[in-house]
Each structure stands twice: as C-alpha cells, then as structure tokens.
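Enquirer: For the record, the sequence lines run as chains A and B. So the first sequence is numbered by the numbering used here: it starts at 1 and just counts up by one. So the second sequence is numbered by the numbering used here: it starts at 1 and just counts up by one.
With a straight-line Cα cutoff of 16 Å, these simulated EDC-like cross-link-like pairs (lysine to aspartate or glutamate) come out:
hint : chain 1 : residue 1 : chain 2 : residue 2
1    : B       : K76       : A       : E20
2    : B       : K78       : B       : E67
3    : B       : K76       : A       : D30
Covered by chain A, according to a simulated footprint, are these stretches of chain B (three or more residues, beta-carbon under 8 Å):
hint : region
4    : 23-30
5    : 47-57
6    : 75-83
Calculated directly from the structure, the hints in this document are not laboratory data. C-beta atoms are modelled at their ideal positions from N, C-alpha and C, and glycine is treated no differently.
Next come the chains, spelled out residue by residue.
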Amino acid sequence: MRTLLAHVAAFFRKRALDRELDQELAMHLDLATEDNFRRGLSPEEARRDALVRFGGVEVAKEIHRDARGLPWLDSMFQDIGYALRTLRRDAGFTAIAVLILALGIGANTAVFSLGNVFLFRPLPVKDADRLTVVAVQRKADADPDDVSYPDYLDYQAHSSAVFTGMTGYAIRIVGLGYRGHADRLIVSYVPSNFFSMLGIRPALGRLINPGEGDAPRTGPVVVLGHSYWEKRFGGDPDVIGRTVSLDGTAVTVVGVVPKEFLGAFNLVEMDGYAPIGMLGFGSAANILTSRDEHDLSVLATLKPGVGISKAQAALNVVGQRLAQEYPHADQGQRVRVFSEPNARPDPSAADSKPLVAIVFLLMVGVVLLVACLNVANLLLARAAAREKEIAIRAAIGAGRARLLRQLLTESMLLALIGGVGGAILGNSVGYVLNGLRPLGDIPLRLAFVFDWRVFTYVAGVALLAGILAGLAPALRVSRTDLNLALREGGRGLIGESGRHWLRNGLVVAQVAGAVILLVAAGLFTRSLTRAESIDLGFDPHNVLNVSLDPGLQGYTQPRAEALCRELLHRTQTLPSVRSASLAFSLPLGYYNNGAPAYAEAQAPSPSQHVPGATSNAVTPDYFTTMRMRILEGRAFTDADTAASQQVAIVNQTMAARLWPQRDAVGQRFSYKAATGPFVTVVGLVRDAKTTSLLDAPGMYFYVPQTQDYHSAHVLQLRTSIPPESLASAVEGLVRELDPSLPVYEVMSMEQSLEGANGFFLFKVGASFAGALGGLGLLLAVVGVYGVVSYSASRRRHEIGIRMALGAQRVGIFRLVISQAVLLLGIGIALGAAAALGVSRLLASLLVGVSAYDPVTFVGVSGMLMAVALLACYIPAHRAARVQPMAALRDQ
Amino acid sequence: MANQKLDLLQGTLDVMVLQTLHAIGPLHGYGIARRIEQISGNQVLLNQGTIYASLVRLQQRGWIAAEWGASDNNRKAKFYSITRNGRKQLAADAAHWQRLADVMGRMLAMSPGGETR
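So that you can see chain A by itself, here it is in the shape it has in the complex:
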C-alpha cells in the first residue's frame, strides 16, 4: 500500500524527481571520472571509461523512472497524446471513422434508451423494485388485461400476506372546464391509497386523503399533473381551492403532483388524478360494480422477501374463489403477476415485448458490427500507409505489445469520440418519438433519461467498438517485419496476401451483416404494405373526422342532441360532402366502448362466460359514410328514436357467435344485463377491422345514437375532394353553433389510422428497421467500394504490365468488377443464410408476409449487389484507364 502511494506520488512529482536524478547521475559520473583520472587515465579516457561503465545514462534514467513511477500510466498518456496527434493529422479519416462509429453507437443508444423506458428504468415511486402489475387473462389464450374494480377489491383484501399494498388506476379522457373554457384531459381515476402506496408527496397542496372518494359518487376533488398545471394555470399556486368542472361535475383542485411523477402509465403524462368514486358520475358508472368491466390497471408492492411466484400463488387462490363465487364473470379467468417494468406500457404487451426487444437489439448489434468492420477496414488501409512509421517506431525499440497498445489506443479514442456522437444521436431519437401522437391529440411522453444505465451501455458499446474495430488491424500491423517494410519504401508488399485476405474477409462480413439488416427491413416494410392493403371492411379514403364533446362544455343531453342534429344537418349541405354521420368512436381508434352481450332466452349457465362485445353509437348515415355493407336487414333510419323500439345492427362474428344456427335479424339481446332491457337486431353488417388490425374481428354491434347517448362524438364526412381541405369549413360550422365548443383531432381517416391501434407500430417498426437497413446498406457499400478501389490502386503496377502485354481495357474493367462481384456474392450468400436463421424470430411480428418471403430475400440481395457494383464502377473505370507507361514508370 505504502509502496503504491510512493509510486503515485512519484508519478505526480515527476519533474522534481527527474531533476534530482540528473544531479545524482552527474555527480556519479564526476566521481567516476575523478577516480579514473587518479588512476592515471587521460581526462577524455577517464570520462569515456566512466560513461562505459555506467552503461547508458538515458537508459538508466528510463529504468529509474519505470521503477519509481507508474510506467503504464505514463505510457498511456504518451499513447493518448500520440494518438490525438495522429488523428488530428488525418482529419478526413478521423471524421469518417468517427461518423461511422457514431451511427453504429447511436443506433444502439436509441434502441437501448427505448428499452430503458419500457424495460428497465424504474418508476420514480417508492419501492419501485418491488412494484408489480396484476392482470387477468380472461381466456387461456387471451392477452393479459386490466382487472375489474370489484375483483381488485377482493384481490386487495386477500393478499396482505404477500403485498404491502395494492392500488390501481383507470384512465379516462375527460373535460375540465374552467372560466368558460374546456380542455380535454387524460386523467387517472384512482383509489385513495394510490399516492400513499407509491410514496408520492404533493408539489403543492395535498393529494387524495385516505378513504376519500372510494365510494361511488364521492370525492369531488382533482389533483393536477405538473405539466398541465404549468400549461393551463401558468404554475399559479393560487389554483388550490378553486372549483373547476370535471365532465360537468364541480370539483375542487386540491393539489399538484411533483414534476418527475408522470403517472403510472408509461406512454403519456397524466393531466390529472381524481378519486375513483368520481367515475360514478359518468356514463361508465358500472365500472365500480361490474365484474365484467375490466378497467383498472392494478399495481401492487411485494412484501420484502416475497417473490413474484409466491404472490402469483397467493392470488391464484383468490382467483379460484372468485371463479366459484362469480362464475359468469370470473370463470376461466387467470390472474397473473408481472414485475412492473415487464407490464409496460400495458400488461397485454408483457408476453410479446421481450421478443421485440431481442429483435431490435440484435439488429442494432449487427449495425454496430458492420460499422466496426468498416472502421477496421479503414484502419487496415491506413495502417498500410503507416507501415514505414510503424517500422521506425519498432526499430527504435518499441516492442510488439507497446505498438499494439498504441494502435488500440487510437481505435479506442476513435470509438470514444464516436460514442459521444452516438449518445447525442441516439438521445435525439427519443425527442423525435416524444413528439409523435399515436393517441389522437395526446402527445407521447416517454421518460427518456440519460441515466447511468444508458451511460453504462453506451460506454460499454463504445469500448467494444474500439476493440472490435482496432484489434485485428493492430495485431496485423504490429506483426510487420520491419526490415522488409523499411526496405520496401512504403509499398508494403509483405504480408500483402494475408492482409488482402483479412480485408476481404471483413468486407464479406459487412455485406453479410447488411443483408441481415436489409432482410429485416424489407420484411417489416412489406408487412406494413400488406397491413395497409388489408381489407378493413370500411373505406378509409376521402373521409374527414372531427371530434367534439359538448359534455366537456357542460351540455346536457337534450342540448347536446339538438346541437349535433343541427351540426349534422348543416354539414350535409356543404358542397363536396357526399354523406355525413356521427359516431361515438372511430374504428381502430384509441378508445372503444366495451359491453357484455346477453342473448335473449339463452341466459348463460353459471359456468358459461358472458361474451364481451364492443359497441358504437351511430347516426343513420354511418354505414353509407364508412361504406360498410349491410348484408341483411336494414341500416338505421330517422325513425329509430329514443321512443321507438330499441334496435341494433350486429357484425357477422356476433351473429355467428350468439345465434349460430339462426338468422340474426329479428333476434334480441341485451348489453346491460341478462334480464334486459333487450334490443332487437334489425341488420347484419359485414365484419370490419374495428378494434384491432391483426386479430380476427370480435363481436361488434351498433346502436342508434338516439337510443344510447354518449357525450363524445366524432363527426365523419365522406367527401368528393381531399378531406383535409374541408377541415376549416367544418370548424367554422361548429364555431357558428357555439364559439366556445372546442373541436379536436380534425384529420382524415387515413391520418387517424396512423394511431396506436392502427398502423402506428407497423410504421414505427418499418421506419426503424428501414433506417437500420439503410445504414447497413450504406456501410456495406462504402466497405466494398473501399476495398475494391484500394486493391485496384495497389494493383496499378500489375495492371500496367497486363496492359503492356496487350490486355484490353474491358478486360481490366472486368478484372476489378469481378473482385467486387466475388466479395458481394459470398457476402450475400452468407448473409442470406444467416437471415434465414434469424428471420424466424420475426415471424410473429409480421402480417401477411412469410418470414422467408422470397421477394424480400431476392429483392434486397439484388439491391445491395446493384448499389455496390454501381459504387465499384468508379475504381473499375479508373483502373481501366490506367496508362501502362505511366504505371510502369512509377516503380
């Protein structure tokens, strides 16, 4: 220990110690000279003999320094200084290498940051490491889903042995009215223990008190999200105690959550939090009482020392009991416990997310590999030019290990700078994603943070890149035979065949890597095109959607109905509007109305499950506007009013499920309770993609708006001109009717289909994979071009001889190109083989296209070959124009 301290001290007192040593050595030589002189030698001889016996002053100093200080640190600083000088001298090379590495590392950073948001980073809450999500699978093969509120209460009451607490949240979009202006808010309705269990303290005012609003229709308070408070109230602390209206109910603002708490849902920041009892006021009142309404995302904190499996076992017992007590709702239901990060953003993703993560991490891994190979090749090419310098360094005493370290220092330095660039690039991807709005007007708010996890990952990746890119060239170069290298005068013919082999190998690997990336990109892109050309069951072209919610402005039902009637009427008179209708929700939108469907006279036996359906409330022209075909019976008419017979139109799936042997039209069912009230089916509509793009259509039915009131409306227009061009006219109509009524999500149906339940994930997946594929293509082409033009320039002499001996220019051209074709051919073959192995992983993420899709494989191979050969045209052309005399004279 003491010795180590002495070494460190010596390292920092270098200059003083060197001076002392100089004095000491000078003294030594003087004394020796004097002794020799006294023995009778001449002054010159005396001095000479002293020096000889001393054996090299500089060497002695060097040994002394090594012995006293930290030689490896000394030489590391030397190496870094030297590397910096070299890199600065070769600014062009450095820039390209850094750029390539930055792209590779940036792609990795981006994917990891995303992974960090969805997989790793704990929520900023108490005991986040023990936080779990409880979800239920309603059928064995269903995705994990939210829990019904009554079930949640049962699970909570009987799990205190494994959990220290259990809470939940139900997300709603509501209107907050204040001083005559209404905002649409995304709000979590929570049990009163929500904040205390998560350990959240108010930034202002108070949060929800124990027991407050746990009973239906109680707890008229709201806690504001930090961003919303700043945006809407300008961060005014006096907002506490004010009265605002929440979906028409007067509530008091009691507090604001801290800035870092965005809510428990990982995609968007909550604008507010209200007691769950407040849901009792709305149209969805039965979520507090019905075991069929799966609406609560449940969070639970494990007791210290309790594992997930133990908690799972405890809840299984409760689940079995619930299934016995409430067979119609809970039979066949399976409860599951996930660690909270696994269930992000939603428990339904828990089972497929790891696969997505692996696929993308693999892809960016390949990108990094290709980038490193590319830089390795650049380093090799540069090393050839530096052969002489390296030989000189070896000649003046640098050992192989020392040279190796020097060269690795250079590549590490490149990787380090590339890493900084990559971190910046990768992080900016996060900002781009955060602007996207797959949920209508609500912007994504992913909590991208450059935390220690991301930092460690980037540093690790950069380190790996430095070694990957630098090791092979360094090993090869440090093996240089210095005698030959010096003699060859920089033409470096030694080891040339070996080096070619290495360079060619690196290029083949790059091409193979690029093929893997391109295949993945191609598959995702084809999958997107297929998804877009899926038969949706409705016609999304030339449709304009405009959302409005008179309830947000405190409209009562009769006033809202009158307003909507008038609006619909006026809209229909607009030129170039073919038909107009109102609906509650959009197909493939981000909200839906789920409802049970009890067929009349087939009351489910206790063991039978009530089928869950989805419903929409529409006006008569809906099916015309959406171009959905009524197969049997009729569409709604103006004669279907609140007072007339209650009617519904069902889709094919529902008809087949509820009345398998019979004609659905004329049958009756209830979406309220087994005992009714019942509605009569008057029409059968073709199945459409209404809730999910991929899944088979579920049971879906439509009811007239006059018989099922919701305050939220989407006005839909079928137009004869591009729908966006009508947007301002429609907004004008709404303003005429009520200047204070906000409209939102004014967009064409095609735009709206870009949302989370539509093409959003396909688009993100395809563009991400496309970017990575493009990167791979670029790098591979640069690599092939580099190695081909390098070897062509090296073979100038040989080409000169060939031409002098009568070779045609075409032959030379072919000679160069054939090298490229060979490299590409081998690379593509290897890459395609590897891609065949890997693409199996992708299969479950693709729609309408096989993971072994020959079009993709052939297409990307052809594209890579074509682009690379195009690039190689330049060196081939140059080689073919070599003047034999000039080339030969050069030697």
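Position chain B relative to chain A; hints supplied.
Expert: Positioned in the frame of chain A, the structure of chain B alone reads:
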C-alpha cells in the same frame, strides 16, 4: 569462465545494495557501485546506472532512506542508509540466499553415480 562476467540474477542487486549499506554505513550511489565491484572482485557485470533503479525501488519499499549531504570532497551528494525494516529484509534475504547456495552446492556436488562425494 573466469574472463566472462556473471550476469546478475533477478533481485540479487537489491540484496547486494542492502548488504553493502549494512556493512559499511551510509554511501552515495557511486560509492555503492564501486564497493560492489570491488567486493565481487570485478566478477559481476554491473551497469552502474542500474544501481539507481535498485535504489529507488528499495527506497519506495522503505528498506533504505536517502538524504542529501556533503561528499568527501565537499560536494552535494545523495547518501543512502539502511533502515530497520531494511535490516529485517536483509536478514530474510540473506537466509534465503544462504539456503539456495547450500542446495545448489549439494546438487552440483552430486557425482555421476548418484552418490554424494
């Protein structure tokens, strides 16, 4: 053999330096080098310069101490002296070398028949 100088084994120089300082008292670098050459009867191949690496090593281990002082002819020189720890170390080293020398002696005394002479 006689006209070829002995290469110093790893670590032997340190012991020689310690022993010299132990036997003679404080000395400067040149003095130590000269004394080693004299005692060994000029049998040792010593680059005098290497003595300084040995000196700094021993100093950092706390086995010798250094002090600037005046030499015989009144010039400033760095004098080294052995410390208490140094003497302990020397004792241990000396015992080690003694044993090694004994063993080597016996090994080399072995006759072709395997009998000790």
